[in-house]
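With chain A held as given, fit chain B onto it using these hints.
2 protein chains.
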Amino acid sequence: MGNDQRDNPVEPLAMNGGDGQYSYSQNSTLQKKGIECVKDLITEGIVENLETERFLSPSCQKKISIADLGCAMGPNTFIAVQHIIDSVKLKFQSDGIDSESTEFHVFFNDHVVNDFNTLFTSTPSDKEYYAAGVPGSFHNRLFPKASLDFFHSSYSLQWLSKLPKELVDKQSPAWNKGKVYYPSSAKEVVEAYGKQFGKDMESFLNARALEIVSGGLMALLVPSAQDPHRKCVITSVFDLLGSALMDLAGQGLVDEDKVDNFNLSIYIPSPDEIASLIENNGDFIIKKMDPLLAHQETDPGTMVMHLRAGMESNIRENFGAEIVDQVFDKFKEKIEESAVLIDPTYKRTYGLFVLLKRKHY
Amino acid sequence: MGNDQRDNPVEPLAMNGGDGQYSYSQNSTLQKKGIECVKDLITEGIVENLETERFLSPSCQKKISIADLGCAMGPNTFIAVQHIIDSVKLKFQSDGIDSESTEFHVFFNDHVVNDFNTLFTSTPSDKEYYAAGVPGSFHNRLFPKASLDFFHSSYSLQWLSKLPKELVDKQSPAWNKGKVYYPSSAKEVVEAYGKQFGKDMESFLNARALEIVSGGLMALLVPSAQDPHRKCVITSVFDLLGSALMDLAGQGLVDEDKVDNFNLSIYIPSPDEIASLIENNGDFIIKKMDPLLAHQETDPGTMVMHLRAGMESNIRENFGAEIVDQVFDKFKEKIEESAVLIDPTYKRTYGLFVLLKRKHY
Chain A
16 MGNDQRDNPV EPLAMNGGDG QYSYSQNSTL QKKGIECVKD LITEGIVENL ETERFLSPSC
76 QKKISIADLG CAMGPNTFIA VQHIIDSVKL KFQSDGIDSE STEFHVFFND HVVNDFNTLF
136 TSTPSDKEYY AAGVPGSFHN RLFPKASLDF FHSSYSLQWL SKLPKELVDK QSPAWNKGKV
196 YYPSSAKEVV EAYGKQFGKD MESFLNARAL EIVSGGLMAL LVPSAQDPHR KCVITSVFDL
256 LGSALMDLAG QGLVDEDKVD NFNLSIYIPS PDEIASLIEN NGDFIIKKMD PLLAHQETDP
316 GTMVMHLRAG MESNIRENFG AEIVDQVFDK FKEKIEESAV LIDPTYKRTY GLFVLLKRKH
376 Y
Chain B
16 MGNDQRDNPV EPLAMNGGDG QYSYSQNSTL QKKGIECVKD LITEGIVENL ETERFLSPSC
76 QKKISIADLG CAMGPNTFIA VQHIIDSVKL KFQSDGIDSE STEFHVFFND HVVNDFNTLF
136 TSTPSDKEYY AAGVPGSFHN RLFPKASLDF FHSSYSLQWL SKLPKELVDK QSPAWNKGKV
196 YYPSSAKEVV EAYGKQFGKD MESFLNARAL EIVSGGLMAL LVPSAQDPHR KCVITSVFDL
256 LGSALMDLAG QGLVDEDKVD NFNLSIYIPS PDEIASLIEN NGDFIIKKMD PLLAHQETDP
316 GTMVMHLRAG MESNIRENFG AEIVDQVFDK FKEKIEESAV LIDPTYKRTY GLFVLLKRKH
376 Y
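These protein sequences, in sequence, are chains A and B.
Per this note's numbering, the first sequence starts with residue 16, numbered consecutively.
Per this note's numbering, the second sequence starts with residue 16, numbered consecutively.
Isolated chain A, as found in the complex:
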């Protein structure tokens, strides 16, 4: 199975560790809002779809295994997991199953470069579950067959496992010169991104279909938009990072070749794309697919702080530690100058909540 770090041609992104000013743990309030939004959807999904027949037998060991894929280092993952547990207990109670004797085994997964030390030391002291950390890419297998009852993944599937080679190939029509993202790029660039996202979703769903119990549930929260490649807030904001870097290149502060060779490994799919990838996989039934309300408006400063927590390590590695502050300052300027956050014709990216049920096998 191998260690994803060594097999993977691109470095997975690590959220900023620790709990400092630019840390993910201090700058993940947008993700937290998303988690709050899906609370009721998860409870409803579990109450309506969790199969509890096997737990009705008094001799059956009541154990529920839950994994959060792309957990980062907290605190959102602890909130999400506790909510899943509360919902399972509610379902057990309504089905007359003794939930007191139920044991919960929770697996926190993220890339091997994630700060698991921070995750582990911040695990709630009053947790009602047995916790384990699972390092590795969720595009690969992470668990033995049929070992998980419930998968959860929030704001993680948008990260690509690798960037299409064509983006940095001067001979290719998908060469993404002078840009780091795709909304204002040639259609070949958008297609290359979309193709990689399709491959990643395929690996993801194939792995989970084996790891989940027959009839098990999977709740996904994915950034998504109806027409994500045109006049959409989040993709347009990412595009402005390219303009910021090109401005710094114009000032001789950043090497232009480096900008040409750098691309963000994030893809924002449409709901139709997601639905069609799930149907192509064929192992899951879509029980629910609900667009969430748009995030509330954000000012450029907050948005940059939020994005910095996830992007900083990538920028540092590609352009050097000494330029990081200037890159994010210029990025903020670019957002302030643009109409993206104020022009209502720019559609806000919303999260898409998807509840899947594993077909019986």
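No lab work stands behind these hints, which were simulated from the structure alone.
Please note that a few of the clues may not be correct.
It does not matter which identical chain is used: a pair holds within one copy or between any two.
To be verified - Each computed DSS-like pair below joins lysine-lysine, with the alpha-carbon atoms no more than 27 Å apart:
no., residue 1, residue 2
1, 177, 142
2, 374, 77
3, 202, 362
4, 78, 374
5, 160, 104
6, 77, 372
7, 372, 78
8, 246, 180
9, 192, 180
10, 142, 214
Below, chain B alone, put in the same frame as chain A:
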């Protein structure tokens, strides 16, 4: 169940992280020798005692869950785990079970302050198992009921979960004034240590008895000596750390009160003590209890480097970062001056290998 860090009145010891000069990963060759010594004992134990009947059915999912308790941050844990897997495969082959389709789920456990980030990034890239890290004290429950097939713990059970309060109580006959260990202390000190070890073994065995499958195996490697409290190399060496600290106190470099209030949270039991604690618990059958050959001789420098990897954080916390180097220099001097490593009447502490089988339930 709670987070052991917050419930536990004493700080658990963290091995030195990373891979620098004083790191555990660079200074754990003695433990590695122990692991090498028990290789054949583990293979033999698995071949003779692993119950494979349930895997003979073609419809049975072939999954073996293994936990290494007190894994530190590698590399020894990877060697030990791989050896257990190889032995299980050997047993499966000899029993005519398809070992190719067997999946191994490996749980690496240590205190929440262990450097799991280093452990995860150094996990072998060609590993044949699904890996998870489990933070928490093995004196508490770590896993759901009946979820593990095989437990392994090497050179970890000697760490006490807490120090007896009497050791620092001026009114108690067990007050350990001017010392940090017990071989030259009053018998009340030795008894207080032994009593705590007994409590810890009781919690350890109670937790494992619930977590292991009926008929499951547990292999323990514990530092042990026939008469560990008298003229025994390792306990006498630990005692010399007290003399070193008292010398520094005499020079005004260390506060004498701090020495009085500091004690090492390590206990070296005799084989009889271990056997009797296992029998008192009553859930396990002792399948094997083999003393290992004494470690080969060690020079004072190597011994101090080896002990420093496990003790440094404790010394730093209690006496301050600025004095750490001097403490270990003086400790080395004390060992050089003493007869402990050369006088043959000092018995070498050997590891005791214990193979336990969970009684059927």
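(message) Going through the numbered hints above, which ones does this structure break? Give me the numbers in ascending order.
(response) none
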